[in-house]
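S.K.: The chain contents come next:
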Amino acid sequence: MAKTATLELIYGLIGPLNKKNIDLTPATTFAANLELDSLTVMDLVADIEDDFDIILPLNMLPDLETIEQVADAVDTIVAKG
Amino acid sequence: MDLLDKFDNITDLRASLPFEKADPFKVVIEEVISETEAIIGGRRTILAGTNNYMGMTFNEEAIEAAKKALDDFGTGTTGSRVLNGTYGGHKALEATIADFYDMNECMVFSTGYQANLGMISALGGKDDFVIIDADCHASIYDGCAMGNATIVRFKHNNVAQMERRLKRLPADAGKLVVVEGMYSMLGDAAPLKELLEVAKQYGCMTLVDEAHSMGFCGENGRGIAEELGVEHLADFIVGTFSKSVGTMGGFAVSNHPKFDVLRFVSRPYIFTASLPPSVVASATASIKAISRSGNRRAHLWENARQLHSGLKQAGFAMCTETAESPIIAVHLPDVMIGTKFWEQLLMEGVYTNMAAPPATPAGMFLLRISVCAQHTSQQVAEIIARFKRTAEKVGLKV
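Chains A and H supply the protein sequences, listed in that same order.
The opening position of the first sequence corresponds to residue 6 in the working numbering, with each subsequent residue numbered one higher.
The opening position of the second sequence corresponds to residue 4 in the working numbering, with each subsequent residue numbered one higher.
For the record, the hints were derived by calculation from the structure and aren't laboratory data.
Please note that a few of the clues may not be correct.
What the hints assert, rightly or not - Listed next, the in silico SDA-like pairs over lysine to any residue satisfying Cα-Cα at most 25 Å (straight line):
#  : chain 1 : residue 1 : chain 2 : residue 2
1  : H       : 94        : H       : 270
2  : A       : 24        : H       : 159
3  : H       : 170       : A       : 82
4  : H       : 158       : A       : 42
5  : A       : 85        : H       : 397
6  : H       : 158       : A       : 53
7  : H       : 9         : A       : 64
8  : A       : 25        : H       : 336
9  : H       : 24        : H       : 397
10 : H       : 9         : A       : 42
11 : A       : 8         : A       : 21
12 : H       : 158       : A       : 22
13 : H       : 9         : A       : 53
Said to hold, decoys possible - Just a few of them, taken from the derived set where beta-carbon distance is under 7 Å, the chain A residues facing chain H:
#  : residue
14 : 46
15 : 51
16 : 62
17 : 63
Just so you know, these numbers come straight off a predicted model, no measurement behind them.
Glycine included, every Cβ here is placed at the ideal spot set by N, Cα and C.
Working from the sequences, and respecting the hints, build out all of it.
M.R.: Below is the structure:
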């Protein structure tokens, strides 16, 4: 389970992209729920990388469909240092 | 289950576009009058949306060389570069390009797409990192997907963001930074000096794709790296014959002493047929002609500046402040106006490219115009006049 603090930070970054103002939950998906195209998701990932000072490789993106999956990946990478 | 069902959203999106008289993805060029004019839909049309920057498609020497090669060597090689597909012409072309770039090594691929695919997939191994600019061409993304390296992406032309990422990578890992000299959608140049200097500071090898800058940037037309005096910071330069060179194929040049081994490990180089002798001959003649085309380069830049300033004065929303390349892109407010504008402009007899997401950055809707060195100033003036007329007809406020 992703840390609440991680989720909160990601919610904050998604805010400006949440055009339809849907409720953000760990299960929210980028493509189906938020209707973000792949380029927007990649730019969001860049912001997440800079906020957490980590690298989220492009190779991981196909597996990151929900906010929780991204948060889990961030936590794992942060823990590894 | 029908495997094509997953593309229904694309079919729907296409169906929703308000085209009535033409479809930008189904344009057929019925007759080619010259480098700059063609018959499309029965109309005489100025071509302002090709990649024929240097206007070499009807270069007499290139055509003569191709005809002779057809007679002497036939229509094709029927084989791979590493089996029966390397003729004397392929080696002569590689020597011509190495000479043009003043580098020791050159490999010729069958397309520019495959040159990126073949270089990046071979260079980026399992434990390596490939760091790319976000706006890189699909061939660079596909080269990344084909290889086994970890892919790191930084925001377009953002040197600070690239550096922050390089800082986070292991100091002793193999790292390849991939950028383009000129980006084909907006026609904007890279801050190549800063990018390459920082990449070198962090021990990276570097690859620069000069597909949209070869022929007219730099004193000898070698690209942005030459123009900015940073060719020594590029370990590999990749380019294409399908733009300024006016035919088909791709290449990579380098001074790396071990470069030749890539011929045995680069799958897009090995597992495809080599270029036909006629194509090789015309590419060789064309590159030689480009190297002595200082005047043509100067006229191409004049055309680019004339078009940019003319459209800017007319009030169009330009994508770059000045003409940074022969690609001049104009922002259009939305898909409806954009579609109508492109279509009406074609009816006025100007062919341009409509560019929409995801091929464009940040969801932009663009009309991409490219000028040719063979456009006359009158033709450029005519393009500007027809743009203004089209804006009035489709109700675009400029």
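S.K.: Tell me, which hint numbers fail for this structure?
M.R.: Per hint list: 5, 13 and 14 violated.
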